[in-house]
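A.B. asks: For reference, the chains in residue letters:
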Amino acid sequence: DVKVTQSSRYLVKRTGEKVFLECVQDMDHENMFWYRQDPGLGLRLIYFSYDVKMKEKGDIPEGYSVSREKKERFSLILESASTNQTSMYLCASHGTLNTEAFFGQGTRLTVV
Amino acid sequence: QKEVEQNSGPLSVPEGAIASLNCTYSDRGSQSFFWYRQYSGKSPELIMFIYSNGDKEDGRFTAQLNKASQYVSLLIRDSQPSDSATYLCAVNPPGGYQKVTFGTGTKLQVIP
Numbered sequence: 001d002v003k004v005t006q007s008s009r010y011l012v013k014r015t016g017e018k019v020f021l022e023c024v025q026d027m028d029h030e031n032m033f034w035y036r037q038d039p040g041l042g043l044r045l046i047y048f049s050y051d052v053k054m055k056e057k058g059d060i061p062e063g064y065s066v067s068r069e070k071k072e073r074f075s076l077i078l079e080s081a082s083t084n085q086t087s088m089y090l091c092a093s094h095g096t097l098n099t100e101a102f103f104g105q106g107t108r109l110t111v112v
Numbered sequence: 001q002k003e004v005e006q007n008s009g010p011l012s013v014p015e016g017a018i019a020s021l022n023c024t025y026s027d028r029g030s031q032s033f034f035w036y037r038q039y040s041g042k043s044p045e046l047i048m049f050i051y052s053n054g055d056k057e058d059g060r061f062t063a064q065l066n067k068a069s070q071y072v073s074l075l076i077r078d079s080q081p082s083d084s085a086t087y088l089c090a091v092n093p094p095g096g097y098q099k100v101t102f103g104t105g106t107k108l109q110v111i112p
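Respectively, the protein sequence lines represent chains F and A.
For reference, each letter of the first sequence is one residue, going 1 to 112 in our numbering.
For reference, each letter of the second sequence is one residue, going 1 to 112 in our numbering.
Hints are computed from structural coordinates only; laboratory data are not their basis.
These numbers were taken from a predicted model, which means no experiment stands behind them.
By construction, the Cβ of each residue, glycine as well, lies at the ideal position given by its N, Cα and C atoms.
Among the clues, some could well be false.
Restricting the straight-line Cα-Cα distance to at most 25 Å, the calculated cross-link-like pairs of lysine-lysine (DSS-like) are [unchecked claim]:
no. : chain 1 : residue 1 : chain 2 : residue 2
1   : F       : Lys57     : A       : Lys56
2   : F       : Lys3      : F       : Lys70
3   : F       : Lys3      : F       : Lys53
4   : F       : Lys3      : A       : Lys2
5   : F       : Lys55     : A       : Lys2
6   : A       : Lys99     : F       : Lys53
Residues from chain A shown here face chain F by an in silico Cβ test under 8 Å; the list is partial [stated by the list, open to error]:
no. : residue
7   : Phe34
8   : Ser40
9   : Pro44
10  : Ile47
11  : Phe102
12  : Gly103
The shape of chain A in the complex, shown without the other chains:
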């Protein structure tokens, strides 16, 4: 089992809809969870992080964390064509030197 798993997509949503991106992780003791956005040919950039169970909202983005079920999700409301990118989930497992593990990413396409 991979440490961090994501559906590779592509996930296609119409403009204005809600895009829902999901991620599961294997290490139950993981503490920190991140969502990165990567445009084609560019480097990943952080858009959200979450540490506690529940929802965290930032503008059109909401991160949801459920530690009991070991999943973290990202909701994008009012999706725009400019949101079309690959979204990487990253998890910081406990202990060690805080090495962050990335999922393979979900490609999102927002259709105008």
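So that you can see chain F by itself, here it is in the shape it has in the complex:
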């Protein structure tokens, strides 16, 4: 059974904190993605990675960074959390030949 696992389901952080969201996939997928989802705005791509140590900015990269040191793991970093980063964060992965995306369970982050 294929799986994308996010490290936390719910997270509450304070303004200014550095926040790490972890995502691990067990499907040997090359491509991994971080999205945020807000009501009425749909899924917005923050960053994606198509290989180890490679990253590309998505549509809304400001305030975020990413790390991909191993193929199976893709981390999203909020350098200094702000209240406007309160959102649902979704990690996804897919292969190169088959672009069906598999999603993690999501992390609901609240910044207070």
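Got chain F; can you put chain A on it based on the hints?
C.D. replies: Chain A only, in chain F's frame:
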């Protein structure tokens, strides 16, 4: 113009009716098209994909693709209350690293 556009809804249909969900895309060279279903509070899951012009049927679901008009649709026959969810259209544009672009989703409500 957004890359992938969907009517946000809600689309309300009575139980047993046909639900028709539509999506348009801007990149004429797009190759792969996907429909995801997302229940409230859950992650998106793939229900259909289509690559060629025409219809593709899978049980109660039919995906329709018209590349000349740049639209893709999803028909749900014999709609059930359990089909109530948000349906996301996703498009894989040509070239690059196969980054999938999602629409904002259409909320479907099936009324018993």
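A.B. asks: Run every hint past the structure and note whether it holds.
C.D. replies: Right, here's what the structure says about each hint:
Our distance criterion of 25 Å between C-alpha atoms is broken by Lys57/F and Lys56/A, whose separation comes to about 34 Å. A C-alpha spacing of about 16 Å is found between Lys3/F and Lys70/F, which places the hinted pair at or below 25 Å, so the restraint holds. A threshold of 25 Å between alpha carbons decides the hint, and for Lys3/F with Lys53/F the separation of about 22 Å falls inside it, so the pair holds. With a C-alpha separation of about 31 Å, the suggested pair Lys3/F and Lys2/A falls outside the 25 Å cut-off, and the hint is violated.
Proximity of Lys55/F to Lys2/A is assessed by CA-CA distance (about 23 Å); at most 25 Å being required, the pair is judged to hold. A distance of roughly 17 Å separates the Cα atoms of Lys99/A and Lys53/F; the hinted pair therefore holds under the 25 Å criterion. Interface restraint check: Phe34/A against chain F, minimum CB-CB distance 7 Å, threshold 8 Å, status holds. The beta carbon of Ser40/A is not positioned within 8 Å of any beta carbon in chain F (closest approach about 11 Å), and the interface hint is therefore violated.
Interface hint status for Pro44/A: upheld, as the beta-carbon distance to the closest one in chain F is roughly 5 Å, under 8 Å. For Ile47/A, the interface hint is violated, the least distance from its beta-carbon to any beta-carbon of chain F being 11 Å, above 8 Å. At about 4 Å, the closest approach between the beta carbon of Phe102/A and any beta carbon in chain F falls short of 8 Å, and the interface hint on this residue holds. Here the hint on Gly103/A is kept, as its CB sits about 6 Å from the closest CB of chain F, short of 8 Å.
Going down the numbered hints, you'll see the structure goes against 1, 4, 8, 10, while the others check out.
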